[in-house]
Amino acid sequence: QEVDMQAQADNIRTVFNDPKNFNVKHPLFSPWTLWFDSAMTKGRNLPQTPMTAFPQTPQPQTPGGLGHAAQGWMEDIKRVISFDSVEEFWGLYNNIVPPSQLPPKANYYLFKEGIIPAWEDDANKNGGKWSIQLPKDKNRGHIDKMWLYTMLAAIGETCDPLLAEGEFDGPPQSLITGVIVSTRPQFYRLSIWTRTAPTGTGGAEDDKLRERIEAIGRNFKTSVLGYADAQKLQGPLATEVEFLSHKDSEKKGKQTRKIVV
Amino acid sequence: LSGTRGPIVAPLPSALATARVIEDLGRIDYPEGIQSPQVELNLNAKHGKFRYDRDFLLQFMAVCKEKPDSLPPLDAIGMEPTDQNFTMSRGGSGR
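Sequence order for the protein chains is A and B. Using my numbering, you'd call the opening residue of the first sequence number 4 and step up by one each time. Using my numbering, you'd call the opening residue of the second sequence number 96 and step up by one each time.
None of these hints come from the bench; they were simulated from the model. Note that CB positions come from ideal geometry on N, CA and C, so glycine has one too. Be careful, since some hints might not be right.
The calculated label-pair distances, taken between Cβ atoms and stated as ranges, are [unchecked claim]:
{"#": "1", "chain 1": "B", "residue 1": "Ser-109", "chain 2": "A", "residue 2": "Glu-78", "range": "29 to 35 Å"}
{"#": "2", "chain 1": "B", "residue 1": "Asp-170", "chain 2": "A", "residue 2": "Asp-21", "range": "29 to 35 Å"}
{"#": "3", "chain 1": "A", "residue 1": "Lys-128", "chain 2": "B", "residue 2": "Gln-133", "range": "45 to 51 Å"}
{"#": "4", "chain 1": "A", "residue 1": "Glu-253", "chain 2": "B", "residue 2": "Asp-164", "range": "20 to 26 Å"}
{"#": "5", "chain 1": "A", "residue 1": "Lys-139", "chain 2": "B", "residue 2": "Glu-135", "range": "26 to 32 Å"}
{"#": "6", "chain 1": "A", "residue 1": "Lys-148", "chain 2": "B", "residue 2": "Gly-143", "range": "44 to 50 Å"}
Excised from the complex, chain A in its bound form:
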């Protein structure tokens, strides 16, 4: 029935058909929460805003949950907003400050809802991060696009190229828990946090995991950040795209296993 089909088509209005009166929205693979902190706000007693407008940072109280360290870490990190559709993401993006305009010691943390941006969260504690450090003077003009592309890969769930190869029936489990941009006086840092990290035990399972983690790193370097596959990035204040498990990060300087792509 041609008429019915036409009527049905008329019934579905995306934001592209009608920016004011659209009636469908594009759900994200996962809901996300944006967090923010800045040296300028550390310890500052910020004016209260209504609870509805400014949800308080949750303080997980579960037994075996966050330790003291994480609570301290989270104290100055403000929960900005949660969203679960493409349309909401852009409404947010178009109304906040891009990294190039942030003060010299600030961080955005975009994490899946329910996961706090701390090593101690159950979803992060066995994981690690891919990160790159970029000198500020050379990258001031690129950082906003790099951060946007990192966020789009996260919310579009394309950070983890081998995701679809999951073996089970339900929706495949993504290895990504969140992405971070940090501004510092001399450099920027971008990171992608993963749920797991290879332990280097050499088992088949661990090899497979390492392969998947490496695919995330290569995709980050080439598709997200736009570098050539074999490009050398290390330089003054600059690092390669490198992976470190959170457990190794804690060791600071002792034996650590870094993966570089």
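Position chain B against the provided structure of chain A, taking the given hints into account.
The following block gives chain B in isolation, referenced to the frame of chain A:
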């Protein structure tokens, strides 16, 4: 008394608040000039667990500009642009 003008009219809910979640991407017809999401990313998609490529997502940038109702005032969370000349809603293609 000034309280006789009747109840304060609540603003209409935004389209965002009432829009339904898309369950089947294949049923959406995008207007001419708008690129559909990459089909390969959602071959086995279930339960609205969709993946979206960057080019598809970037198309929303110039369209979805409305400030979310639940966004706290930026100065209340210390998120103020360092450049005083900076203005929000950059729009454009972002490339």
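Starting from the range 20 to 26 Å, see whether the pair Glu-253 (chain A) and Asp-164 (chain B) falls in it by beta-carbon distance.
Cβ of Glu-253 (chain A) to Cβ of Asp-164 (chain B): about 40 Å, so the range 20 to 26 Å is violated.
For the pair Lys-139 (chain A) and Glu-135 (chain B), does the Cβ-Cβ distance stay inside 26 to 32 Å?
Violated: the Cβ-Cβ distance is about 37 Å, outside 26 to 32 Å.
Is the distance from the Cβ of Lys-148 (chain A) to the Cβ of Gly-143 (chain B) consistent with 44 to 50 Å?
Distance hint for Lys-148 (chain A), Gly-143 (chain B) is violated at roughly 29 Å.
Please check whether Ser-109 (chain B) and Glu-78 (chain A) have a Cβ separation lying inside 29 to 35 Å.
holds, 33 Å
Taking the CB of Asp-170 (chain B) and the CB of Asp-21 (chain A), does the distance hold inside 29 to 35 Å?
holds, 33 Å
Note whether the CB distance of Lys-128 (chain A) and Gln-133 (chain B) lies within 45 to 51 Å or breaks it.
Distance hint for Lys-128 (chain A), Gln-133 (chain B) is violated at roughly 33 Å.
Violated hints, listed in ascending order, are 3, 4, 5, 6; each of the other numbered hints is respected by the structure.
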